[in-house]
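Student: Sequence:
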Amino acid sequence: MVKALTVAEEGKNTCLSWLLYDRADEIPPPSYRQIQQLLNPTTAAIYWHISPYALHTFILKHNAPEPIPLTTPTSDHQETLPEPVNRQRQFKDWVKQWNHKYQEYSAGKTPLKQQPDNILPWREALPEMLQNLANILNIPAILKKINPENPDSPIENLILIPHRDLHRFPLHALFPDNFCITYLPSAQMGIDILKKYQQRDGEAGKPEIENNTRIFSVEHPNSQDFEDLPFAEIESATICQLFQNPTRFDSHRATKAIVETNLKDDHKIFSFTGHGGYNYRHPEKSALYLSETDQLTVAEICKLPLSHYYLVTLSACETAISGDYSITTEYVGLISGFMSAGVDHVVSTLWKVESEACALIMMKFYHLLRQTNSAPVALNQAKIWLREATWGDIAQFYQEILTNLPVNVGSLRPLIEDALYRINTMEENNCPFTDPYYWAAFTITGLPNQPYREII
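Residue numbers (the UniProt record's numbering): 1 to 456.
Hints may be right or wrong, so weigh each one.
Unchecked claim - Subject to a maximum C-alpha distance of 27 Å in a straight line, what follows is the list of computed DSSO-like cross-link-like pairs (lysine-lysine):
(1) K285 to K264
(2) K96 to K285
(3) K144 to K195
(4) K303 to K256
By construction, these hints were calculated from the structure, which means they are not laboratory data. Remember, it's a predicted structure, so these values are computed and weren't measured experimentally.
Sequences are here, hints too, so could you generate the full structure?
Tutor: Written out as C-alpha cells, the structure reads:
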C-alpha cells in the first residue's frame, strides 16, 4: 500500500509541475514517513487516486504502519468486479450526468417547466446527486475506518486529497458536520506548507488575525461581459471594517498592474470579491477577472512572492468546469496557483453562488475568523450557520453589522438598511439557505490547525 500511495503522489506532483510551471521534471515523491507529519491523533487524511481502470481510496492515519485501503470483503464464490474498478465505472457515469446538468445550468437553459418530469435541473437535483456520490465513494465505510467504535482519540480534522475530476465536487459535503475539513492539491504541497509554518513559528510564533492585520481587498471589478454582484459592496465593505487601514480597490481601479503591485506588498490577507474562472484547455490561463478586460492568470500568480499571506479568499469565483469535460491528468486552477506561491489557506467556491448567500457566508466567516483565529474552523462554522439560519437570524446579523458601523462609511449603511427592510417582509422562521447549492460550494485548501512536528 505504501508503494501504491507513493506512485500516485509521484504522478500527481509531476502533473502539477508540468501544468503550473511548464516543466516535465520528475519530482521525487515524499516518503510515507514524511506524509505522516501532516497527521496527528485527531487528524486523518483521505487520498483518492483515479486510473483509467480504477478509483482507489487510501485512508491515512497517525502512526499507521501503512495506508489503509478502502475495500469491502466479498464472498469467495461471488463473481463481481473488484471494488475500485466498479467504483471508477460508477463515478465515470456520475460525472457525465453532472457535466450534462451543470453545463445546461451554466448556460441558463434549464427552466423547470421545460424539463421532463423525471429530469431535474442541476440545482434541484444537487442533493440527490451528492447522495449518489457519497454512495459511490462509500463514505459510510470511510467513516468506520476513520473512527472505529470507542476510539481513544476521535478524528476531528480531515484532510481531503482528491485526484482529477474529484477536485471539482464538494466532497466535504458528504461528511458529517463534526469534522473540520480542508483540502490539499497533493501531500507534497501540504509538506511544503508545513515547512513554512515551522520556519515562521520559529521566528515569530503562531500568526494572529487581529484588527491591525493588513488586508488587501479587490472589490467587484467592472469586468467586461460579467454580471454585477448585487451584494458584493456590502460584503467587501463589511469585511474591511474588521481591520484597520485596509488597502481597497474597486470597480475600474482594480487593474492588473495595481493588483500585482499590491499583492507583492506586505499584506497578510487577500480578499477578492469578483469573478474568476477555470480554463479547461489551458489550466495555467485560469484567471481572476479584473477591471475591463484585465486578467490575473494562474501562471502569473505562481510567479508572485506570496509566502507572507495567511489567507486568500476568492468570493464568487467559479472554479468548477462548466463544459462537458473530464480531467485526464490533474486539476490545476486558481487554488493551486495561490498555494504554489506560498499562501497558507485559500477559500474559494466550486460554483457561483447567489450573491446574498455568498456575501452572508463570507461576512460570517471573517467575523468568526477574528474569534477563532482558525480559517478552517471559521469556514466550517460559517457554512453550518448559513444552512441553519432563519430570516430572523439573518436580520439580527445585519443589525449587528449596522450597529458596529462607524459614522463615515459612505453607502454601506443604506445598503444594509435596504436589506433589513426587505427581510422584514419575509417569514421570520423560514430558513432560506438550507439547500446545498448555497453552502456546499465553499471550500478551504490548506492544513488544519494542529501541533506541527519536525519534517524528516
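Student: Starting from K285, check that the Cα of K264 is at most 27 Å away, please.
Tutor: Roughly 20 Å between the alpha carbons, so the hint for K285 and K264 holds.
Student: So if I understand the rule, the pair passes when the alpha-carbon distance is 27 Å or less; does K96 with K285 pass?
Tutor: Holds. K96 to K285 sits at ~24 Å (cutoff 27 Å).
Student: Given the hinted pair K303 and K256, is their Cα-Cα distance within 27 Å?
Tutor: Holds, at about 14 Å.
Student: Sort out whether K195 lies within 27 Å of K144, counting only the CA atoms.
Tutor: 31 Å, violated
Checked against the numbered hints given earlier, this structure breaks only hint 3.
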